[in-house]
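There are 6 protein chains.
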Amino acid sequence: MRPSGRNLDEMRPISIETGVTKHAEGSCLIRCGDTHVLCTATIEERVPPFMRNSGQGWVTAEYGMLPRSTTSRMRREATQGKQGGRTVEIQRLIGRALRAGVDRVALGERQITVDCDVIQADGGTRCASITGGWVALRLAVNKLLKAGDIVSDPLLSNVAAVSCGIYAGQPVLDLDYPEDSEAGVDGNFIMLANGRLIETQMSAEGATYSRDQMNALLDLAEKGVAELVAAQNAAVI
Amino acid sequence: MRPSGRNLDEMRPISIETGVTKHAEGSCLIRCGDTHVLCTATIEERVPPFMRNSGQGWVTAEYGMLPRSTTSRMRREATQGKQGGRTVEIQRLIGRALRAGVDRVALGERQITVDCDVIQADGGTRCASITGGWVALRLAVNKLLKAGDIVSDPLLSNVAAVSCGIYAGQPVLDLDYPEDSEAGVDGNFIMLANGRLIETQMSAEGATYSRDQMNALLDLAEKGVAELVAAQNAAVI
Amino acid sequence: MRPSGRNLDEMRPISIETGVTKHAEGSCLIRCGDTHVLCTATIEERVPPFMRNSGQGWVTAEYGMLPRSTTSRMRREATQGKQGGRTVEIQRLIGRALRAGVDRVALGERQITVDCDVIQADGGTRCASITGGWVALRLAVNKLLKAGDIVSDPLLSNVAAVSCGIYAGQPVLDLDYPEDSEAGVDGNFIMLANGRLIETQMSAEGATYSRDQMNALLDLAEKGVAELVAAQNAAVI
Amino acid sequence: MRPSGRNLDEMRPISIETGVTKHAEGSCLIRCGDTHVLCTATIEERVPPFMRNSGQGWVTAEYGMLPRSTTSRMRREATQGKQGGRTVEIQRLIGRALRAGVDRVALGERQITVDCDVIQADGGTRCASITGGWVALRLAVNKLLKAGDIVSDPLLSNVAAVSCGIYAGQPVLDLDYPEDSEAGVDGNFIMLANGRLIETQMSAEGATYSRDQMNALLDLAEKGVAELVAAQNAAVI
Amino acid sequence: MRPSGRNLDEMRPISIETGVTKHAEGSCLIRCGDTHVLCTATIEERVPPFMRNSGQGWVTAEYGMLPRSTTSRMRREATQGKQGGRTVEIQRLIGRALRAGVDRVALGERQITVDCDVIQADGGTRCASITGGWVALRLAVNKLLKAGDIVSDPLLSNVAAVSCGIYAGQPVLDLDYPEDSEAGVDGNFIMLANGRLIETQMSAEGATYSRDQMNALLDLAEKGVAELVAAQNAAVI
Amino acid sequence: MRPSGRNLDEMRPISIETGVTKHAEGSCLIRCGDTHVLCTATIEERVPPFMRNSGQGWVTAEYGMLPRSTTSRMRREATQGKQGGRTVEIQRLIGRALRAGVDRVALGERQITVDCDVIQADGGTRCASITGGWVALRLAVNKLLKAGDIVSDPLLSNVAAVSCGIYAGQPVLDLDYPEDSEAGVDGNFIMLANGRLIETQMSAEGATYSRDQMNALLDLAEKGVAELVAAQNAAVI
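Protein chains in written order, with the numbering used here: chain F, 1 to 237; chain V, 1001 to 1237; chain E, 2001 to 2237; chain P, 3001 to 3237; chain H, 4001 to 4237; chain U, 5001 to 5237.
Hints are computed from structural coordinates only; laboratory data are not their basis. From the three backbone atoms N, C-alpha and C, an ideal C-beta is built for every residue, glycine too. Any given hint could be a false lead.
[Said to hold, decoys possible] Across the chosen pairs, the derived CB separations fall in these ranges: (1) F:Pro49 with P:Ala3106: 55 to 63 Å; (2) U:Lys5143 with P:Gly3108: 26 to 34 Å; (3) V:Asp1212 with H:Ala4147: 56 to 64 Å; (4) H:Asn4215 with U:Pro5013: 30 to 38 Å; (5) U:Ile5237 with F:Pro49: 48 to 56 Å; (6) V:Lys1022 with E:Asn2007: 22 to 30 Å.
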């Protein structure tokens, strides 16, 4: 029933390649099917003004899409003079999600910026950014630990995200673009490795949903996040 | 236990005053406790480019805060040269929420813009904007119906929104600012009159939540939305 | 002869409601007929860079119109990426006008920002902003005096403003929108309580005027300002 | 008593050199003492959207200062990303002033843009821009008349402007920069050749003025404008 | 003598991988040593306004660097609200270079946009962008030819570019970042396959050069471009 | 053969008038035929952040065109909200060129900003800006030397620039606008007084060139620069 022929609760193939750029303190290229996102983590020994002298660190994120990551070419945001509303929404979400898994006191007064740049888009870019962004963050933090710059691990848990939606009347896991553009209801579910929720966003464009449907999507998401966490762990060993 | 002395499941006093500006096709001043939002609906006999010749109408929203609606003065967005990320996120949410209750074919090829300007802020401005915005929309649509410009009512249901959160370890309904700034987990719940969900956003800053907690907040939200719908109906008679 | 039926030298009804927002140090909602402006004054214990270490304070103003304060909806300046030329002109005028009534040494090295946001427009918004802005300023300064933060009153006099114009060949006082859009010549007159002038702006779009006509408008303006000063004083007792 | 040694009612030397750029339809370099402004008029066979199909023409103006036209270097507005408030105010004023002397029906549906660029500033740049701008406009219109593109002269009268102020307690004509920076009260007076007023702007920064003082400045302005009109006429013969 | 141990006239290893994104009409990832640039070509059946109805096509380019393509993180241009001067210079250069190898009449009235996004930077990103950009262009044009949308090949020749400079007193080929940041003189040389020049830019920061030195660099550049052309041809077979 | 009737190796008449504005530390109006550029040099006793505490000075440049310096009016960059790509390219080039002739240690930790504003354009504005900019710089530095603010002359040599191109198949010196708009190949050549090269930019739009042609243009450029240097020296005596 799904355009890709997948089962309702079947994720796309996940691949996470680490160490893809030589400059970043942590990096990976995450591929969730045909969605490919390059994630890099940059450590800076300073924090934003609102965190100065707080004894705590900060984790933030930025998100972008290459102009031809999409079916038809998008205008480059740098030439438009600003980031669009969707971009701003997404990068704020990634930052919040990653911070939920961080002990910012243990991190110490430094900032880690996670850049998520979509090389190729086929649905679910924000979820792939969070999942891949956590891997880049993990690798950057490992570097700090190895160098002795921090003593106790500030990462409390993996953070991963997956989208689910009602497609053709059925709850399905890990929407790709053809599904995403048709689904009346879809949600993004961000969780820790133990399944506790960090953020849930379920929205309907021209439709509504019941609490039962919401719970069905949450069940799928828990399954998906477990698989993503396993892929993260395999990548960062 | 709550700073305001309210019960865990008690809303702030709701007041909706309609017809507050003489120019707008629909308008109201909604007060949810000390949060006051002026909502106006403007009808234009044109649609955005992506909707032209579709036979369907469009409903969109814009959101703003007056500089001194907050405890300390905020910089005016017009002088900063752009709307901030939070503003963009909120106005996109309001627009999506209102559209979920609209039959856009019945509306016909015209646009209704709902402006939500926060006069005074004390938490929950986005939810008040949605609830008040729907009242402005209802009044504007009534004008179209009365004038015979449209024949069947394009509004399928009330749309209302409330925030809930975990405050001091307890699920509470309708967070005010002192609660919102302390709550580790909070969510915005947007529903139709019959309780079906349009959008759910639950996020944790520096915390996580379980599915049980999520369900407890949903229970509170259903109660709150029912009261808001009643207030809307009383206002637009 | 006037669309409103008023006498040539008759002001619109004036109402000034104070204390309309709980956060601002001073606030009022001024209504000059159907022109409604929300004015707030914010005290900050810092001055702009060019006034630092001068021992003097600063008073400045910002002006905005809600998108649907006008007959047809205006584009929100925050979405246009800048304040328009008219807005900039008006807020500079309000700031200059208010400063003319202030002893900035007595104010001490702090800044008061007066925000004037037009809720509903029917002509004369800049004059209403000055008149209402002074009330907000007066209330904020009263708070400083009461708290003992300043010792001698820095407000030397009331400041109020009214527009006059040549409408249908006759000098008329306090133009409303239907008059303003027809008048070939119109002026804004800003005065102290004793009638001394702070700023005069008389301009003609597609017309000119004689010195006699200018003096006739000044006579009307003196009458109008006296009434506005009385209304200010009644409001701030 | 004046820093320049001029009499109270004495203008600075005026020089108007025409035809200073080969591309513009009309141009002049106006020198009012050490204030030098290059004025060009550009004819375009189109009007702004709001004038289309009105059968009328439009005259507009733009103003700029070269970065080192002033004592210390100003930041270039093009690098700041916008025109400052003062610039916008001035160019709107120039445009309004010039339009007051134009029969826009006789001009026909075309636009004339007058650019006023300050090469060297020593006070009174906006007045010099208006006076010189009219000369550029006159020359451009002459070209249209000569070519037979328009039949009757759309320029109803000269338009010229001068500043006056209260300096060291005395009304003085044609303020230069040392006077302007000290004067508590100053005004810009724009008139037709016959002395009828187009626009009056008198403002006080940290001071006020009486109607008698206002009339004294108007007397001086009439004298000054008469001299400027004579210089304009001599230049455009 | 060179930091990398290369001979004076030795290029870095070149690799060109094609078909790296599924959406673009042509794409490649070019690696010149540690400089990696993703190049995509997008065909659109429209031309910019200045080319409409000319019967000719247009080729243009855009350039960007991912924030962490560099040793320390660069600010994302989209968040800065504009492309920097260096970016604008480079993308104009890429566009001019590629157009020099195109018969725009044969291309027909369509536009090809070549996006060059630097994934990892180690000197020579603009030259790699031109060399890789031509490959993406070649592949996109091949698609048009294969589909019969154009009949004769509009690509007249390969276009490739290399940088050379005076490093430690010696002319060297294909500067990497450690060399580029030390070289007093460096140039970018863009050529056709037959060695004819399209663009030469040689500049000195804090130094100058003789015509003999210029000719020595041109000799090296000819050698380098020949190798790049061979690599292009191998990639697009 | 040339539209102007000049010989192939003949420059346009050069005139350099110094001391044209009273505020700038150095200034000139350079006329290369009908290309007229006003150049001013401003000394500031501070350097940009990246040069602080380096013991070295900085020389930078800004470039602008008056809106009607061109055949048809250009939009003012200040109203467009940014400098165009061409402007940015040119001003970076002017700055680099001038710095090549400066001993920045001898200059001391101060900045000289050279503003080049095109009053009238007829081709070659960037070269005229460099040649005239150096004169303004020379005069400003003379002032520093005379005042004893610096001891040894930081200007190592004249810096001058000329454009050459292939017009109608022939190499020609000092392109004017009619030639520049037709030439398939053109270059800008910046040199010291002794002919050593600072920067060479040769580009072809829709054409290519051989090394022999490049050398022919360099021969012409050497002749032209020698004449420009003589004119500079005559102007600054």
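Hint check:
1. Evaluation of the 55 to 63 Å hint for proline 49 (chain F) and alanine 3106 (chain P) yields a pass: the beta carbon distance comes to about 60 Å.
2. At about 53 Å, the beta-carbon gap between lysine 5143 (chain U) and glycine 3108 (chain P) misses the expected band of 26 to 34 Å.
3. Between aspartate 1212 (chain V) and alanine 4147 (chain H) the beta carbon distance is about 58 Å. The supplied range of 56 to 64 Å therefore holds.
4. In this structure the supplied range 30 to 38 Å holds for asparagine 4215 (chain H) paired with proline 5013 (chain U), their Cβ-Cβ distance being about 33 Å.
5. As the Cβ distance of isoleucine 5237 (chain U) to proline 49 (chain F) is approximately 54 Å, the hint placing it in 48 to 56 Å holds.
6. In this structure the supplied range 22 to 30 Å holds for lysine 1022 (chain V) paired with asparagine 2007 (chain E), their Cβ-Cβ distance being about 23 Å.
In summary, the structure is inconsistent with hint 2 from the numbered list given earlier, while agreeing with all the others.
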